[in-house]
Amino acid sequence: AAYQGQGRFGGAAQHELRAVASLIPEAVQLVVRADGPIKTVADLAGRRVDLGLPHSGTRANAMAILAAHRLAPDSLQIVSGNTLAQATELLVQGKIDALFTTVHAPARALQRAAVRSRLALIDILPTDALRASGLVPLKLPARTYAGQAEPVQTLATTALLVTRSDVPTKQVDTLLELLFEPASTPRGEGAAMAQINTSTAREGVTIPFMPAAQTYLERHTKR
1 AAYQGQGRFG GAAQHELRAV ASLIPEAVQL VVRADGPIKT VADLAGRRVD
51 LGLPHSGTRA NAMAILAAHR LAPDSLQIVS GNTLAQATEL LVQGKIDALF
101 TTVHAPARAL QRAAVRSRLA LIDILPTDAL RASGLVPLKL PARTYAGQAE
151 PVQTLATTAL LVTRSDVPTK QVDTLLELLF EPASTPRGEG AAMAQINTST
201 AREGVTIPFM PAAQTYLERH TKR
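Start counting the sequence shown at 1; every next residue gets the next number (the working numbering).
Note that these hints are calculated values from the structure, not bench results.
Everything numeric in this text was worked out from a predicted model, so none of it was measured.
Careful: at least some of the hints might be erroneous.
As the list claims (entries may be wrong) - Pairwise CB distance ranges (calculated):
| hint | residue 1 | residue 2 | range |
| --- | --- | --- | --- |
| 1 | T215 | A42 | 42 to 52 Å |
| 2 | R118 | P168 | 48 to 58 Å |
| 3 | L53 | A12 | 16 to 26 Å |
| 4 | A12 | V115 | 40 to 50 Å |
| 5 | H69 | T215 | 36 to 46 Å |
| 6 | V162 | N197 | 13 to 23 Å |
| 7 | Q93 | T215 | 45 to 55 Å |
| 8 | S75 | A159 | 30 to 40 Å |
| 9 | E177 | D128 | 29 to 39 Å |
| 10 | Q77 | A129 | 17 to 27 Å |
Cβ coordinates follow ideal geometry from the N, Cα and C atoms, glycine included.
I would like the entire structure built from these sequences, with the hints used as guidance.
Here it is, written out as structure tokens:
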């Protein structure tokens, strides 16, 4: 969005931005009550749906998914202005029928809610248009959340490390070494950090790569 000057960056395209690497996948999660009538994206028609905060990544992804399923925004009862925690509470209370969020899974607010209320995730399948927007297929394993017995197919955007086109090559190389070569610096622990690797570092990128980053990743990508 920043590169093209879209959304919150409207009228101010930043064509000097360059991709360095994709980092952690952030899953698009369409959440409903397990005992409710919504089983597919198409079932959102006429329902009360929280699409995320205006100008957020969640909102942009939700709108792209609705468009891919030929659901016009005015075919829903759109709810907005809530944080994920607030939207989740509204869902648990039955005050909305579904919510979208784009966040690394498992999301803490959803984890807490799934323990006390039966929630379900809706499958979101890839289309050419959604892939072109930078979304990539992602499978959430069973038991990502309490009560989730089966894997869920969805899409993800990736947290993207970016720089400017005028940054020296040596600085980019040093940054990539620190990021991908454990001997250079401690990487930390946790499921999110474990997903950062050169194999997926070019997924979901829709802006030009920094040439130094492209060269590094081609050289180090695991076969």
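We went through each hint and held it up to the structure:
1. T215 x A42: 42 to 52 Å: Distance hint for T215, A42 holds at roughly 44 Å.
2. R118 x P168: 48 to 58 Å: 54 Å Cβ-Cβ, so the 48 to 58 Å window holds.
3. L53 x A12: 16 to 26 Å: holds (20 Å)
4. A12 x V115: 40 to 50 Å: holds (43 Å)
5. H69 x T215: 36 to 46 Å: Check passed, 39 Å falls within 36 to 46 Å.
6. V162 x N197: 13 to 23 Å: holds (18 Å)
7. Q93 x T215: 45 to 55 Å: Check passed, 53 Å falls within 45 to 55 Å.
8. S75 x A159: 30 to 40 Å: holds (31 Å)
9. E177 x D128: 29 to 39 Å: holds (36 Å)
10. Q77 x A129: 17 to 27 Å: holds (24 Å)
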